[in-house]
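Sequences are here, hints too, so could you generate the full structure?
Read top to bottom, the protein sequences are chains Y and Z. First residue of the first sequence: 1, per the numbering used here; consecutive thereafter. First residue of the second sequence: 116, per the numbering used here; consecutive thereafter.
In short, the hints are calculated from the structure, not lab data. On a predicted model such as this, the values are computed, not experimentally measured, just so you know. Heads up, the beta-carbon is just placed ideally off N, CA and C, and yes, glycines get one too. One thing to keep in mind: the hints can contain errors.
Unchecked claim - Here are some of the chain Z residues that sit facing chain Y, going by a computed Cβ distance under 8 angstroms:
#1 Phe-144
#2 Gly-146
#3 Ser-148
#4 Ala-157
#5 Pro-158
#6 Gly-218
#7 Gly-219
Claimed, not checked - If you anchor each label on the Cβ, the simulated ranges turn out as follows:
#8 Y:Ser-81 - Z:Pro-226: 44 to 50 angstroms
#9 Y:Gln-14 - Z:Pro-226: 33 to 39 angstroms
#10 Z:Ser-180 - Y:Gly-40: 24 to 30 angstroms
#11 Z:Gln-134 - Y:Leu-73: 37 to 43 angstroms
#12 Z:Ser-180 - Y:Gln-38: 28 to 34 angstroms
Said to hold, decoys possible - With a Cα cut of at most 27 angstroms, we get these calculated DSSO-like pairs of lysine-lysine:
#13 Y:Lys-65 - Z:Lys-213
#14 Y:Lys-65 - Y:Lys-7
#15 Z:Lys-213 - Y:Lys-7
#16 Z:Lys-225 - Z:Lys-196
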Amino acid sequence: SAVISQKPSRDICQRGTSLTIQCQVDSQVTMMFWYRQQPGQSLTLIATANQGSEATYESGFVIDKFPISRPNLTFSTLTVSNMSPEDSSIYLCSVALDLGSYEQYFGPGTRLTVT
Amino acid sequence: GQSLEQPSEVTAVEGAIVQINCTYQTSGFYGLSWYQQHDGGAPTFLSYNALDGLEETGRFSSFLSRSDSYGYLLLQELQMKDSASYFCAVRSKAAGNKLTFGGGTRVLVKP
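Okay, structure coming up:
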């Protein structure tokens, strides 16, 4: 299994600013993902964080808006840039222990409100 | 493209049985997962079906029919703590072996 922590747990930010969310895992994992979830809604994959290379973004998400770093096998950051109220959401870090794993573990999420 | 359909809400009483259906459309299907999420909490893994049939884990069971592109999650002997949202998620080649989630079913258990 994997235990994931995220910082901050929540934040209220002004439009036009940026926020960096940290994800720390208690063990080395192969796959790390970032999701977005509106309260009461489904989970949407933003990107896969790749160690040592650029993240892989899903359709509708771009690096300039959501830059991602993954310096090692236990840590990743997601930045939400130039925020607007539409970016208000819960951002979740998720991991799979290795490439063939079918079970994913999720962090507690970061609740972001943009005013 | 890919799509998953599941009911938005189900209400039942303690001790009852609830079945949450999930139909999907995708190409290169690998498997169907179920996740539970309590309000304000993180999604937690419940089950995974890659082959046809029923998988039982305690009070929860999950079923898959690949030919019908259909699966369900069965919650038995419902308890108040089972009140949560339940998501089906497909893993497929079309999505690069990543999870695509359904819209979620909110289960409300009443005393």
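We went through each hint and held it up to the structure:
no. : hint                                     : in the structure
1   : Phe-144                                  : violated (13 angstroms)
2   : Gly-146                                  : holds (6 angstroms)
3   : Ser-148                                  : holds (7 angstroms)
4   : Ala-157                                  : holds (4 angstroms)
5   : Pro-158                                  : holds (5 angstroms)
6   : Gly-218                                  : holds (5 angstroms)
7   : Gly-219                                  : holds (6 angstroms)
8   : Y:Ser-81 - Z:Pro-226: 44 to 50 angstroms : holds (47 angstroms)
9   : Y:Gln-14 - Z:Pro-226: 33 to 39 angstroms : violated (44 angstroms)
10  : Z:Ser-180 - Y:Gly-40: 24 to 30 angstroms : holds (29 angstroms)
11  : Z:Gln-134 - Y:Leu-73: 37 to 43 angstroms : holds (39 angstroms)
12  : Z:Ser-180 - Y:Gln-38: 28 to 34 angstroms : holds (31 angstroms)
13  : Y:Lys-65 - Z:Lys-213                     : holds (22 angstroms)
14  : Y:Lys-65 - Y:Lys-7                       : holds (19 angstroms)
15  : Z:Lys-213 - Y:Lys-7                      : holds (24 angstroms)
16  : Z:Lys-225 - Z:Lys-196                    : holds (10 angstroms)
Consistency with the previously given hints fails for numbers 1 and 9, ordered from lowest to highest.
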